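S.K.: Residue numbers (this note's numbering), protein chains in the order written: chain A, 1 to 424; chain B, 1 to 424.
Among the clues, some could well be false.
The list cannot tell twin chains apart, which means a pair is met if one copy fits it or any two copies do.
Lysine-lysine pairs mimicking DSBU-like chemistry, simulated, CA-CA at most 30 Å apart [as the list claims (entries may be wrong)]:
#1 366 - 168
#2 115 - 279
#3 283 - 28
#4 31 - 283
#5 312 - 168
#6 31 - 279
#7 283 - 115
#8 28 - 115
#9 312 - 31
#10 168 - 60
#11 366 - 28
No lab work stands behind these hints, which were simulated from the structure alone. Since this is a predicted model, take the numbers as computed values, not measurements.
The chain contents come next:
There are 2 protein chains.
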Amino acid sequence: MSLSDLSSADLAALHGELTTAYDTLVGKGLKLDLTRGKPAPAQLDLSNELLSLPGEGEFKAADGTDVRNYGGGQGLPEIREIFAELLNVPVAQLVAGDNASLSIMHDTLVYSLLKGTVDSERPWVQDEITFLCPVPGYDRHFALCEQYGIAMETVELGSDGPDLETVKRRVAEDPSVRGIWIVPTYANPNGAVYTEEVTRELVSMPAAAPDFRIFWDNAYAVHHLTDHENPAVDVLGLATEAGNPNRVFVFASTSKITFAGAGVSFFASSPANVTWYLKHLGKRTIGPDKLNHLRHARYLGSADGVRALMRKHRAIIEPKFEQVETILEERLGSYQVATWTRPEGGYFISLDVPDGCATRVVALAKQAGIAMTGAGAAFPYGRDPRDRNIRIAPTFPSPDDVAAAIEGLCTCVLLAAVEQRTSA
Amino acid sequence: MSLSDLSSADLAALHGELTTAYDTLVGKGLKLDLTRGKPAPAQLDLSNELLSLPGEGEFKAADGTDVRNYGGGQGLPEIREIFAELLNVPVAQLVAGDNASLSIMHDTLVYSLLKGTVDSERPWVQDEITFLCPVPGYDRHFALCEQYGIAMETVELGSDGPDLETVKRRVAEDPSVRGIWIVPTYANPNGAVYTEEVTRELVSMPAAAPDFRIFWDNAYAVHHLTDHENPAVDVLGLATEAGNPNRVFVFASTSKITFAGAGVSFFASSPANVTWYLKHLGKRTIGPDKLNHLRHARYLGSADGVRALMRKHRAIIEPKFEQVETILEERLGSYQVATWTRPEGGYFISLDVPDGCATRVVALAKQAGIAMTGAGAAFPYGRDPRDRNIRIAPTFPSPDDVAAAIEGLCTCVLLAAVEQRTSA
Chain A
1 MSLSDLSSAD LAALHGELTT AYDTLVGKGL KLDLTRGKPA PAQLDLSNEL LSLPGEGEFK
61 AADGTDVRNY GGGQGLPEIR EIFAELLNVP VAQLVAGDNA SLSIMHDTLV YSLLKGTVDS
121 ERPWVQDEIT FLCPVPGYDR HFALCEQYGI AMETVELGSD GPDLETVKRR VAEDPSVRGI
181 WIVPTYANPN GAVYTEEVTR ELVSMPAAAP DFRIFWDNAY AVHHLTDHEN PAVDVLGLAT
241 EAGNPNRVFV FASTSKITFA GAGVSFFASS PANVTWYLKH LGKRTIGPDK LNHLRHARYL
301 GSADGVRALM RKHRAIIEPK FEQVETILEE RLGSYQVATW TRPEGGYFIS LDVPDGCATR
361 VVALAKQAGI AMTGAGAAFP YGRDPRDRNI RIAPTFPSPD DVAAAIEGLC TCVLLAAVEQ
421 RTSA
Chain B
1 MSLSDLSSAD LAALHGELTT AYDTLVGKGL KLDLTRGKPA PAQLDLSNEL LSLPGEGEFK
61 AADGTDVRNY GGGQGLPEIR EIFAELLNVP VAQLVAGDNA SLSIMHDTLV YSLLKGTVDS
121 ERPWVQDEIT FLCPVPGYDR HFALCEQYGI AMETVELGSD GPDLETVKRR VAEDPSVRGI
181 WIVPTYANPN GAVYTEEVTR ELVSMPAAAP DFRIFWDNAY AVHHLTDHEN PAVDVLGLAT
241 EAGNPNRVFV FASTSKITFA GAGVSFFASS PANVTWYLKH LGKRTIGPDK LNHLRHARYL
301 GSADGVRALM RKHRAIIEPK FEQVETILEE RLGSYQVATW TRPEGGYFIS LDVPDGCATR
361 VVALAKQAGI AMTGAGAAFP YGRDPRDRNI RIAPTFPSPD DVAAAIEGLC TCVLLAAVEQ
421 RTSA
């Protein structure tokens with residue numbers, strides 16, 4: 001029953017069936033969007049209390065700061081305390097910012113380029129710079145490198161981290177290698193969870209460049225989909241223990257905890273790096289939106305408050321993930337034409353179709369009104385060398401829409417796979 | 001009665017009196033702060049409605065956008081409409097951002113450095129770059145240039161703009177001159193208001209560098225202190241008319257309209273520049289805090305809503321400015337040792353003491369518990385070549401504190417002036 005076992009006559013028959021099924025699909029005039037990892041309205045509704053917080057007369061922080069006025073570059077202590085616990089970093093080494101951790105990543109990169117890090121001999125912009133990019137990975141990370149002319153080298157990402165041998169070799173031998181992009185918990189898009197063991201290797205491996213940095217984007221630190229709630233590894237502690245305290249930049253945000261567009265972002269690192277970051281940030285702004293920090297602190301209350309909220313998110317999105325898996329299994333399983341991840345958390349399912357088919361699948365889906373993230377998006381420059389990876393983002397659409405989109409997608413996957421075989 | 005008319009015996013006697021007065025001042029153990037242009041709590045209170053806005057169930061923009069979610073790089077139309085009118089720019093060419101216009105200035109500078117402007121042959125970072133700095137000016141502008149190794153050349157700032165002859169000559173002759181910092185309305189700190197005539201000259205003068213940019217920081221566009229409410233000049237229209245549509249970057253914010261730390265910032269420019277800015281910004285963030293845009297749009301309502309609010313601000317701070325002027329006049333006027341501005345708006349009074357005395361005055365004040373912005377702060381690198389300029393920021397302290405601080409400051413000015421004369 002696997003596609004490769006079918007005779008050419010059977011294949012031709014299947015091709016005919018699938019073409020009909022696809023025409024029917026196109027005829028439905030769907031308009032579905034599985035492109036981005038956006039929270040659904042029902043998830044946003046969970047935090048609607050924020051819409052009238054902090055409330056009349058409420059503008060003083062616990063330490064008496066008037067949050068309406070300028071100042072307070074490191075952010076409000078009460079919001080930092082909550083997230084220091086969740087991210088497993090010291091509160092003194094945690095900075096709370098505005099609504100986008102991507103901006104903090106951008107800015108640390110810009111400061112490194114134009115000013116150099118605390119361990120740099122000169123600004124990065126004066127050298128050729130290379131970043132290692134575990135793939136599949138997050139397109140916006142790669143876009144930042146592309147934007148600023150930073151070369152990218154891919155490394156294969158497994159379920160608990162990247163191909164360590166390659167990473168260690170390249171970091172040890174090449175001083176142009178200054179960074180690596182890592183999403184340590186429920187990685188975008190393959191769901192990888194970096195173990196403490198892998199983390200130890202990454203923070204302790206010898207580096208040719210003294211200013212080599214791990215961009216540790218813990219975007220999904222608390223975004224569990226199962227009862228197995230992977231905790232945040234103490235990456236800063238491990239780096240210090242390994243004698244490389246400045247190696248790691250930690251990023252996170254409440255974008256997928258409260259409101260995606262109106263949350264709080266975080267940066268954590270060694271004391272020296274935090275001082276460095278705040279010094280440069282201080283040229284850029286007189287302070288973050290502390291009122292939004294207070295609003296969030298009042299609403300979330302504590303780390304446990306966040307954990308409770310995340311379980312409500314799970315209740316909304318877990319069924320969507322299950323639906324995707326069920327349909328993929330039902331429709332594609334027996335043909336053995338694709339593999340996909342079963343993530344324990346995060347926002348994505350990573351689908352691998354036959355080599356050379358991803359672009360065709362996404363094009364077919366698009367024509368049928370199902371918008372998928374572009375094939376190759378999870379790779380630097382959007383180029384998937386095997387043209388097989390498709391990122392599925394099931395959180396935003398309604399359950400019915402997710403089902404309809406994945407049903408349609410499966411038709412496209414099968415059609416593309418059969419097309420490939422019949423034309424070969 | 002002018003200090004220069006006093007005999008040496010009279011000077012000595014005055015020195016004695018002032019020393020006693022100063023000792024008494026120090027004995028009071030004051031703790032007053034006139035360093036920064038911060039709104040007073042009473043001003044922030046004006047906008048306390050924001051603390052519970054947009055309110056329960058309110059998260060849809062006029063166009064149906066769910067402001068809680070990602071996206072919308074240019075910002076919410078309803079807040080842009082209000083400020084397009086106030087800033088006299090087309091709404092389509094206006095971007096609404098997060099809480100700090102300084103950040104937008106920083107970022108436009110960074111994009112120019114690392115990527116080049118739409119009119120640049122190459123990124124600015126590859127060349128020597130010079131900015132013209134009308135002085136006295138805003139220290140944070142100069143700090144941005146210093147941060148990124150941009151050379152600064154001072155030009156004298158009068159009451160309606162900078163020494164145009166020098167500006168025009170330098171911009172015409174030197175392709176390294178890529179920018180000029182301008183606060184066109186109630187300039188920080190001297191209160192200058194750029195006329196339409198001066199503006200025309202600036203946008204139409206020939207430039208050696210095709211990517212010469214005017215950083216037009218209209219921070220005090222609606223911050224009037226008198227009935228003569230100077231309107232925003234149509235600087236983008238004039239630039240287009242002059243054949244230099246891309247010359248001007250306009251910046252503004254609600255920092256001194258609503259909440260200093262939790263407001264909305266703005267960027268306006270030519271269509272090409274706005275596209276350029278949004279393209280680069282799109283790498284840095286998936287969108288601004290649109291919920292704060294909605295909150296502000298609901299609260300402010302319209303351009304007239306802002307105008308009405310600004311009159312309430314004026315009612316709070318105008319008396320403080322009057323008090324400063326009255327005390328300066330009473331205490332210093334007859335001695336003819338100082339001159340000061342009488343601004344029609346904005347946040348500052350610029351005080352010029354005898355050449356060579358500003359540092360001493362600020363040090364004396366500090367010792368008496370009166371914190372003033374550092375002498376020279378209004379000049380690049382903090383260096384006032386005549387050491388005479390002191391910036392007074394009277395908005396934040398209570399009226400009594402402003403009076404006490406200025407009384408004390410006058411004692412310090414007189415003492416420093418007499419010291420200088422008696423030691424000469």
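S.K.: Each of the hints needs a verdict: does it hold here or not?
M.R.: Against the structure, the hints:
1. 366 - 168: neither (40 Å within a copy, 55 Å between copies)
2. 115 - 279: For residue 115 and residue 279, the Cα distance is within 30 Å both inside one copy (11 Å) and across copies (23 Å).
3. 283 - 28: neither (54 Å within a copy, 35 Å between copies)
4. 31 - 283: Intra 45 Å, inter 27 Å, cutoff 30 Å: inter-copy only.
5. 312 - 168: Answer is neither: 40 Å inside a copy and 63 Å across each miss the 30 Å cutoff.
6. 31 - 279: Between copies only: 27 Å across, 47 Å inside.
7. 283 - 115: Answer is both: 13 Å inside a copy and 20 Å across each meet the 30 Å cutoff.
8. 28 - 115: neither (55 Å within a copy, 45 Å between copies)
9. 312 - 31: within (28 Å within a copy, 50 Å between copies)
10. 168 - 60: Classified as neither: same-chain Cα gap 48 Å, cross-chain 49 Å, threshold 30 Å.
11. 366 - 28: within (13 Å within a copy, 76 Å between copies)
In summary, the numbered hints that this structure violates are 1, 3, 5, 8, 10.
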